[in-house]
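Asks: The chain contents come next:
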Amino acid sequence: MTASSVELAGVAKDYGGHWALQDVDLTLRPGECTALAGHNGAGKSTLIKLIIGLIRPTRGFVKVLGENMAASGSTRVRDQIGYLPENVAFYPAMTGEETLAFYARLKRQPVSRNSDLLARVGISRAGSRRVATYSKGMRQRLALAQALLGQPKLLLLDEPTTGLDPALRQDFYEIVRKLRDEGVTLLISSHALAELQGQADRIIIMNCGRKVADGTMTDLRRAAALPVRIAIRLAESLRVAVNDSAHPLASWTPKDDRNYELSCLEQDKAATIQALGSIPVALADVEVTQPGLEDIYAHFLKRVDE
Amino acid sequence: MSTILVIAGKEIRDGFRNRWVVAATILLAALALTLALLGSTPTGAVKVSPLIVTVVSLSSLTIFIIPLIALLLSYDAIVGEIDRGTMALLLAYPVSRGEVVIGKFLGHLAILAIATTIGYGAAGLALVAVSGGFDAAAARAFAAMIGTSIMLGSVFIAVGYLVSAVVRERSTAGGIAIGVWLFFVIIYDMALLGILVADQGRFLTAGRLSWALLLNPADAYRLANLTGFSNVAMFSGMAGASAQAHLGLPLLIGALTAWTVLPLGIAAAIFSRRQL
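Here the protein sequences line up with chains A and B, keeping their order. In terms of the numbering used here, the first sequence is residues 1 to 306. In terms of the numbering used here, the second sequence is residues 1 to 276.
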């Protein structure tokens with residue numbers, strides 16, 4: 001087990017009577033890509049700002065790369081952190097190259113590597129233009145370029161794909177995969193759940209400042225205990241009255257005389273499908289629908305609302 | 001240290017790019033040249049160096065214009081960056097909040113220093129060229145005026161930062177900055193004058209008045225220029241006042257320095273505690 005890059009214990013954050021975060025425990029490890037999901041105002045950005053040290057926790061402690069972020073001498077550790085803020089803003093009068101050079105100097109990095117970085121995110125031709133003329137997508141790419149300055153060990157990306165078109169999103173996740181394989185710790189917040197599904201090793205769901213779920217996709221599916229929907233179509237209709245208890249599909253919901261549906265738990269799925277063999281007529285089709293991240297997400301948020 | 005210089009360098013480049021430096025230089029040069037060339041006309045008969053005349057008239061004008069430029073430069077420095085969202089990214093870098101405040105301050109001070117030195121310096125050189133004679137003592141007084149003008153600017157940049165660190169809205173900062181300007185440049189002296197007249201020297205004695213003048217950076221600047229050099233004091237009619245006020249040049253310079261360091265320190269402390 002490698003040492004953790006980020007460690008939060010019992011963290012709470014109070015914004016003048018409003019608790020933006022409560023009782024959050026979190027450990028992030030190198031080479032792990034974690035997705036942070038939740039509504040707007042669920043505490044995703046607050047959590048990321050606590051990790052980078054922009055704000056201090058009201059309770060609990062935040063330790064990043066071995067440093068306590070509440071301590072005043074914690075600025076040096078940011079040499080090794082890349083941050084892409086939500087709704088990133090740059091100085092409009094500076095060009096893309098000047099912007100990147102400014103941030104590189106603050107991180108004590110050689111400016112000579114910047115042109116490679118601009119090429120990597122695909123805006124090298126716009127580098128000499130003022131940032132004020134950039135489109136939202138170009139600004140987002142510049143934001144990613146500055147986050148990658150100095151090969152950070154920890155990358156915190158707050159809504160990184162807003163404003164990127166689908167092709168650019170693919171490029172973006174390509175870069176993310178490469179970084180993860182190099183052992184970078186990644187934390188990506190987003191509400192675009194469908195695109196996170198294939199990218200993240202681990203998913204954290206936040207709601208009203210609390211962590212309501214944390215684990216791999218399989219963990220979450222099991223924890224949510226969401227029903228699996230099985231639909232079958234028979235080759236010919238059964239000649240048994242539906243309300244007869246001897247009916248082999250008595251527990252199923254008939255759609256018509258040949259189509260039936262059943263919702264069962266994840267762990268009963270295999271047994272249910274096996275039992276289909278005892279039906280006296282042939283099956284024309286079987287369809288199994290597993291809950292997606294959207295369903296799991298909705299489930300966890302509902303549970304807290306209740 | 002290098003972090004502070006990187007931030008200061010960025011502010012200076014911004015100042016050149018958004019024409020702040022050019023505009024302030026032209027404004028100061030135009031005012032100084034106008035006063036220098038118009039104001040020196042009647043001095044031929046009284047045998048006073050035209051530079052000295054200009055120190056008196058220009059320092060009186062500087063009290064109004066330099067604090068205004070300084071406050072306009074600075075009131076937006078912190079609250080504006082927070083508002084536009086650039087501060088969040090800047091502070092995510094290995095940069096302390098104190099370094100941000102000091103770096104930006106040095107950048108803004110450099111902008112003001114460049115504009116003042118070039119603007120007033122050009123006027124001074126033009127005056128020497130026109131009048132022909134060069135008086136070393138007068139030149140020293142003129143150079144001291146440029147130096148103290150920059151110090152006066154640094155006071156109001158620091159005060160502007162304090163305002164900028166405290167308030168939540170940029171418009172509030174702008175309003176308070178105008179209030180600060182009115183108070184120190186106009187209201188304070190009028191109030192002192194009113195008290196002097198009403199009080200007839202019972203409470204506000206000469207000694208207490210000196211301290212009251214030290215408490216206003218604009219008055220400290222005025223006294224430094226009008227009484228700090230004997231040749232100027234003679235001409236400005238302040239020779240008597242300078243003898244009474246017992247405020248030497250070092251004390252006045254010290255007051256201006258304190259008026260820079262204290263507000264800037266408080267601004268940095270408040271900004272360090274501020275939630276983003």
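It should be emphasised that the hints constitute simulated quantities derived from the structure, not laboratory data. We treat Cβ as the ideally placed atom computed from N, Cα and C, and that holds for glycine. Treat the hints with care, as some may be off.
[Unchecked claim] No farther apart than 25 Å at their CA atoms in a straight line, the calculated lysine to aspartate or glutamate pairs in the DMTMM-like style are these:
#1 LYS136(A) / ASP14(B)
#2 LYS136(A) / ASP199(B)
#3 LYS107(A) / GLU11(B)
[Said to hold, decoys possible] Residues from chain B that face chain A, not an exhaustive set, calculated with beta carbons under 8 Å:
#4 THR3
#5 VAL6
#6 ASP14
#7 GLY80
#8 THR86
#9 ALA88
#10 LEU91
#11 ALA92
#12 TYR93
#13 VAL95
#14 SER96
#15 ARG202
#16 LEU204
#17 GLN275
#18 LEU276
Asks: Starting from the hint list further up, note which numbers the structure goes against and sort them upward.
Replies: Hints 2, 7, 15 and 16 are the ones this structure does not satisfy, whereas the remaining hints hold.
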